[in-house]
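Asker: With the sequences and hints as input, model every part of the structure.
Residue numbers (my numbering), protein chains in the order written: chain D, 339 to 631; chain H, 103 to 419.
It should be emphasised that the hints constitute simulated quantities derived from the structure, not laboratory data. Glycine included, each C-beta is placed from N, C-alpha and C at the ideal position. One thing to keep in mind: the hints can contain errors.
Computed list of chain D residues with no C-beta within reach of chain H, every gap over 12 Å [as the list claims (entries may be wrong)]:
| id | residue |
| --- | --- |
| 1 | G360 |
| 2 | E368 |
| 3 | I372 |
| 4 | A385 |
| 5 | I447 |
| 6 | S448 |
| 7 | A459 |
| 8 | W544 |
| 9 | V551 |
| 10 | T559 |
| 11 | F592 |
| 12 | K598 |
| 13 | G612 |
Okay, the calculated beta carbon distance ranges per label pair [to be verified]:
| id | chain 1 | residue 1 | chain 2 | residue 2 | range |
| --- | --- | --- | --- | --- | --- |
| 14 | D | A510 | H | D196 | 32 to 40 Å |
| 15 | D | L389 | H | R290 | 56 to 64 Å |
| 16 | D | S530 | H | I300 | 34 to 42 Å |
| 17 | D | A510 | H | P111 | 53 to 61 Å |
| 18 | H | R219 | D | A385 | 29 to 37 Å |
| 19 | D | V554 | H | R116 | 49 to 57 Å |
| 20 | H | R326 | D | I534 | 53 to 61 Å |
| 21 | D | R532 | H | D196 | 18 to 26 Å |
| 22 | D | L359 | H | R290 | 28 to 36 Å |
One side only, chain H facing chain D, incomplete, derived with CB under 10 Å [as the list claims (entries may be wrong)]:
| id | residue |
| --- | --- |
| 23 | A162 |
| 24 | R165 |
| 25 | P174 |
| 26 | N177 |
| 27 | W187 |
| 28 | F194 |
| 29 | T198 |
| 30 | L207 |
| 31 | M213 |
| 32 | A218 |
| 33 | Q254 |
| 34 | L258 |
| 35 | L383 |
| 36 | N384 |
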Amino acid sequence: MNDSPVPVVLWTEATGNAPSLGQQFRASLEHAFIIMTRRRRFALAAALTFLPALVPIMESFFGRSVHALMASELFTRLAEKLFIDLLSPLLGLFFATLLIAEDVELRTISYILTRPISRTAWVLGRFTAFLMAAAPILLVSLTITALACGVKRQGFVLSNVNDFWLFGHYVAVQTIALAAYGAFALFLGAFSRRPIVYGVLLIYGWQRVATFVPGVIDFLTIQKYVDGLKPVLATQRNLVSIQTALGTFQREVFAIGAAKAMVILILMIMVFLGASALSLRLREFGGDKTAGA
Amino acid sequence: MTVDVVRQPVIEARDLSKWFGEVVALNNVTLSIAPGVTGVLGPNGAGKSTFIKLALGLYAPSRGEIRVLGEPPRNNRRVLARIGWCPEVDHFYDHTTGFEFVYWLCRYWGMSPRSARAAALEACEMVRITDRMDDPIDEYSKGMRQRIKIAQALALSPELIFLDEPMNGLDPRGREEMYALIRSLGDRGVSVIVSSHILYEVERITDNVVLLVGGTLIAQGRVRDIRELIDRYPHTIRVVSDQPAQLAKRFAGDPGVFAVETRGDTVTIRTLTPDDCYETLNILAVKAPGWIRAIECADNNLQAVFDYLTKKTVSGV
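Answerer: Structural data, given as structure tokens:
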């Protein structure tokens, strides 16, 4: 360390107004995006996300079934079951749980909390970085899958306006699902020490159970509202009879309209992000739990 | 006309306590720290880091209050914009170079990319790490990590800077540079709070100290003031002599002396009246030159004061 005079003010703006929220948001976004995309797990997640594109190709070349699906039918199934129901929450758990949890684990959160940065701007920046990293992966993979569905099949080509509209619809639903699951995962990361474990239990455990159990308990899941946005009617999509060892049960389906579902999902995202920002204000992140540590 | 410049305290704590479950980390601390360089001293577990984290707003007080630069610090962006912090423990982002680390923390402070680059570069120069600043932090030595942590705190040009055990991991030259840097910051009007459990380190950079032991404030003030506190308690004087046996015998009967030990050519005198002892030694030095080759006051170093106070507190005396 040199003995040269230390400038009292390196950053002249420091003497003026407080930093703008926009600059804080941008700093959080850019940093989180760089951190996320530098990880090996990002490449791994991207590679995994592209695997569904192989399904229609393999099926078209090696499938021997006389009941072979039409291209649009195959794409619809893949988009709903794989991309929206499986990959969107998976990417949320993969990345968004770590957006805050990793800073807590590495204890770099204490640097953030000793900066004059708005907690909300920081959380929003991180969340946006997640969307910017994960949404294009899903989009590209879904596009390849859609194109692959047309290989050696009739009935689904993206040059057709209706097909293109259907594709666009699924892209939108997939992105909203990603945002909802991402916000939920971020919230888990802000509040718990094992966000991935809780996330898997809640999303792939509780949510699956709730959607099969008769009654309105499925209204306490994200999937209920994501399903409400899908192009296929709820009555066609939902399982109305449940077969068990004790017999077959009929399940009443309470459908929810797309507009309501959309509003509720947006509210959910806002609540999860707001709660995450609030946790940063309320929790103590000093790192030491013993005297003088 | 004389204008009195009122120096507002940079930190004020009143009945400040912090506990984690049943563990009391800080107990009823009331103090006021004036601008300038101040050392927060205490052994491990004294509550130094807890005190600093309360001042940074990372912890909320369990009881009492703390004000930094006149305001409560927790979630207070006005206060946070004016302070910097170098933590004791290494916390870094993965896959990040030293420069990037400082740069991003400047960005989080609200700087534009251009300002953040300039500030990060200047801070890296200040801690002399420019030649390695583009290397991953994972490859840094302990001393380099310490420097880069200090750089991120300096880059913000704070009015008040907290350095938690900043000398940890630095080699002797690095420590000397750190002493100079902290003194330089103080000279430039930056208030610096330095925590340390090594009193010699603090003695090198400031005369203002706060002593914490077991979460309790033991003493606060200038080193010499604190030393006055113990004037009524035993002082230790070591004398190197050609005639240790005679010298020991000479002091053994003095009223204020309660112990005399001889080891080789060194006589250790423990006394409650150090001034009388020094006067006697001066006389002897003139009258019997061979008797006294060197005099060393073991309490001159702050460590002795600290050890004394610590032992007294721990034993409950």
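Asker: None of the hints should be skipped; say for each whether it holds.
Answerer: Here's how the hints hold up against the structure:
| no. | hint | verdict |
| --- | --- | --- |
| 1 | G360 | violated (10 Å) |
| 2 | E368 | violated (8 Å) |
| 3 | I372 | violated (8 Å) |
| 4 | A385 | holds (19 Å) |
| 5 | I447 | violated (9 Å) |
| 6 | S448 | violated (6 Å) |
| 7 | A459 | violated (10 Å) |
| 8 | W544 | holds (31 Å) |
| 9 | V551 | holds (39 Å) |
| 10 | T559 | holds (33 Å) |
| 11 | F592 | holds (42 Å) |
| 12 | K598 | holds (36 Å) |
| 13 | G612 | holds (15 Å) |
| 14 | D:A510 to H:D196: 32 to 40 Å | holds (34 Å) |
| 15 | D:L389 to H:R290: 56 to 64 Å | holds (59 Å) |
| 16 | D:S530 to H:I300: 34 to 42 Å | holds (39 Å) |
| 17 | D:A510 to H:P111: 53 to 61 Å | holds (57 Å) |
| 18 | H:R219 to D:A385: 29 to 37 Å | holds (34 Å) |
| 19 | D:V554 to H:R116: 49 to 57 Å | holds (54 Å) |
| 20 | H:R326 to D:I534: 53 to 61 Å | holds (57 Å) |
| 21 | D:R532 to H:D196: 18 to 26 Å | holds (20 Å) |
| 22 | D:L359 to H:R290: 28 to 36 Å | holds (31 Å) |
| 23 | A162 | holds (6 Å) |
| 24 | R165 | violated (15 Å) |
| 25 | P174 | violated (13 Å) |
| 26 | N177 | holds (5 Å) |
| 27 | W187 | holds (5 Å) |
| 28 | F194 | holds (7 Å) |
| 29 | T198 | holds (8 Å) |
| 30 | L207 | holds (6 Å) |
| 31 | M213 | holds (5 Å) |
| 32 | A218 | holds (8 Å) |
| 33 | Q254 | holds (7 Å) |
| 34 | L258 | holds (7 Å) |
| 35 | L383 | violated (39 Å) |
| 36 | N384 | violated (39 Å) |
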